[in-house]
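My request is simple: use the sequences and hints to build the entire structure.
First to last, the protein sequences are chains A and B.
First residue of the first sequence: 1, per my numbering; consecutive thereafter.
First residue of the second sequence: 1, per my numbering; consecutive thereafter.
DSBU-like mimics (lysine-lysine), calculated; alpha carbons at most 35 Å apart, straight line:
{"no.": "1", "chain 1": "B", "residue 1": "Lys189", "chain 2": "A", "residue 2": "Lys195"}
{"no.": "2", "chain 1": "B", "residue 1": "Lys196", "chain 2": "A", "residue 2": "Lys126"}
{"no.": "3", "chain 1": "B", "residue 1": "Lys196", "chain 2": "A", "residue 2": "Lys195"}
{"no.": "4", "chain 1": "B", "residue 1": "Lys85", "chain 2": "A", "residue 2": "Lys195"}
No lab work stands behind these hints: they were computed from the structure.
These numbers come from a predicted model, not from an experiment.
Number of protein chains: 2
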Amino acid sequence: MRSITLFAPATVANVSCGFDLLGFALESVGDQMLIRENNVNQLRITKIEGQMLPMQTEQNVAGVAGLALLNQLNTKQGFDIEIYKKIKPGSGIGSSAASAAGAVFGLNELLGKPFSSIELVAFAMKGEALAGGAEHGDNVAPCLLGGFTLIQSYNPLRVVSLPTPEALSVVILHPQIEVKTADARNLLKQQVSLKKAVRQSGYLGGFVAGLFQNDYDLLAASLRDEWVESSRSVLIPAFDEMKAAALASGALGFGISGSGPSVFALCKGVEIAKKTAQAIRHVFDKTAIPYDLHHSEVNPQGIKTL
Amino acid sequence: MRSITLFAPATVANVSCGFDLLGFALESVGDQMLIRENNVNQLRITKIEGQMLPMQTEQNVAGVAGLALLNQLNTKQGFDIEIYKKIKPGSGIGSSAASAAGAVFGLNELLGKPFSSIELVAFAMKGEALAGGAEHGDNVAPCLLGGFTLIQSYNPLRVVSLPTPEALSVVILHPQIEVKTADARNLLKQQVSLKKAVRQSGYLGGFVAGLFQNDYDLLAASLRDEWVESSRSVLIPAFDEMKAAALASGALGFGISGSGPSVFALCKGVEIAKKTAQAIRHVFDKTAIPYDLHHSEVNPQGIKTL
Numbered sequence: 001m002r003s004i005t006l007f008a009p010a011t012v013a014n015v016s017c018g019f020d021l022l023g024f025a026l027e028s029v030g031d032q033m034l035i036r037e038n039n040v041n042q043l044r045i046t047k048i049e050g051q052m053l054p055m056q057t058e059q060n061v062a063g064v065a066g067l068a069l070l071n072q073l074n075t076k077q078g079f080d081i082e083i084y085k086k087i088k089p090g091s092g093i094g095s096s097a098a099s100a101a102g103a104v105f106g107l108n109e110l111l112g113k114p115f116s117s118i119e120l121v122a123f124a125m126k127g128e129a130l131a132g133g134a135e136h137g138d139n140v141a142p143c144l145l146g147g148f149t150l151i152q153s154y155n156p157l158r159v160v161s162l163p164t165p166e167a168l169s170v171v172i173l174h175p176q177i178e179v180k181t182a183d184a185r186n187l188l189k190q191q192v193s194l195k196k197a198v199r200q201s202g203y204l205g206g207f208v209a210g211l212f213q214n215d216y217d218l219l220a221a222s223l224r225d226e227w228v229e230s231s232r233s234v235l236i237p238a239f240d241e242m243k244a245a246a247l248a249s250g251a252l253g254f255g256i257s258g259s260g261p262s263v264f265a266l267c268k269g270v271e272i273a274k275k276t277a278q279a280i281r282h283v284f285d286k287t288a289i290p291y292d293l294h295h296s297e298v299n300p301q302g303i304k305t306l
Numbered sequence: 001m002r003s004i005t006l007f008a009p010a011t012v013a014n015v016s017c018g019f020d021l022l023g024f025a026l027e028s029v030g031d032q033m034l035i036r037e038n039n040v041n042q043l044r045i046t047k048i049e050g051q052m053l054p055m056q057t058e059q060n061v062a063g064v065a066g067l068a069l070l071n072q073l074n075t076k077q078g079f080d081i082e083i084y085k086k087i088k089p090g091s092g093i094g095s096s097a098a099s100a101a102g103a104v105f106g107l108n109e110l111l112g113k114p115f116s117s118i119e120l121v122a123f124a125m126k127g128e129a130l131a132g133g134a135e136h137g138d139n140v141a142p143c144l145l146g147g148f149t150l151i152q153s154y155n156p157l158r159v160v161s162l163p164t165p166e167a168l169s170v171v172i173l174h175p176q177i178e179v180k181t182a183d184a185r186n187l188l189k190q191q192v193s194l195k196k197a198v199r200q201s202g203y204l205g206g207f208v209a210g211l212f213q214n215d216y217d218l219l220a221a222s223l224r225d226e227w228v229e230s231s232r233s234v235l236i237p238a239f240d241e242m243k244a245a246a247l248a249s250g251a252l253g254f255g256i257s258g259s260g261p262s263v264f265a266l267c268k269g270v271e272i273a274k275k276t277a278q279a280i281r282h283v284f285d286k287t288a289i290p291y292d293l294h295h296s297e298v299n300p301q302g303i304k305t306l
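Here it is as structure tokens:
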């Protein structure tokens, strides 16, 4: 029976200026998965280590995403999926996306690559919908494609791979509190003023240009969120203080990773990232809430076979 | 007395996907201006040919923009401005922007370039405010800088020069009807849904990426306007029919130039542009409204001295 072992990276979605559209993959945080052919004509989740998650295929994001792919092919071939979960569910760094994207990537490899990357993104979004109540692609796209990705359009689905300036370095702080994606979505205002919409749109356009031009000043000026951050940051203890500390340490920007509670800082260079990590840690220690702190480069490749 | 003669190009603002943010300069349509030192310590509009426009400095967009620059310098030097107007005011291809940008560009040259391009954009926006009731920079920026420009932010003002894919070719149809910028602004909805704001933002991000990647499919997919076009296009006779004809002719996109009434089509290559021009003309001829039809390349340089 053929099998594949892979690494599915954690991802940061929204990235301040690109709500539901922009995301990037992390290098040093991610899940391992093993996918193996079976002869029972079923897709099964046979092992989950590291976290308590549903084992029923239809209740598991990897299962749902995998079924979407297999149903499209109309194949009888069955597979077993083992998930070695390192990314904590509900952390805001794409835990469900890694499982969903890992499943469809692995199945596609074992089946002889019948599907394109963009089709895999669409299948993986079916898994995301199970977790978050809405199909969004700004975690699964960078998980599958690596680097920075932009969802140019959801309907029809079109994903653009963006360049990653070399010096970018990331700090993630994950407070050990629970913020469900669906709850975070309920906090959003459903209407924005045209003026604010225009401003926010300019930041996303500027950020995209900054990635192409290696313009760190432009990236910093564009890492702004006038749509979502003020509503959602109330769920994250010490958010404003951490943000001030990160920017004072020289970070290009600081914001909520996905729907939180994780926060991220994008920095130019490892030294500033280290300094920023120290500064954020110093602030958050005062809350007495447990947390994980990650330092990572941007992962240019996305999912890789091991 | 030193003088400068210059060409200030017409410009297309909004460009479907970048309301108030995105614009580009035209090659074959524009005004000529002559700016000459005088010894009366005043900025004067001494001649306007081609159109009826106010001669009083404070009532003329070139005068207002020029005064903004001179006041900042606190200079006593006076200048005379002659405007040879080829761009019809109210046409929607940056007539006021050309006058305002031309004035500040010429004054800056004669004064030894005390100001940066971005400062010139800010001065020229003062002239635009006189014409349109709001300071917007998506015409003056491409007029001054050439090519495609993005206003990443108005406050602080930050303008990004974007690359221009070589094959881009433009068709402009200017119906001889009057649409005042201020009236067109009053037609806008002041609120948009977050969903629509996100979608539109993705189109702008995609368009910016498309310019960097020479990806004409991506440009075509991104030349969409869900914010403004449906409200404003009712002012433009046969808009929907022209749009359908342009897209059927292979145009990448078709939309309102600025606040109208001019419409533009962006095309890949001169041949498709010619075919598109014919198709639009054919549709608009049925309205029996007089019009101008321009074909132009994108102007990479912006204002130039003659």
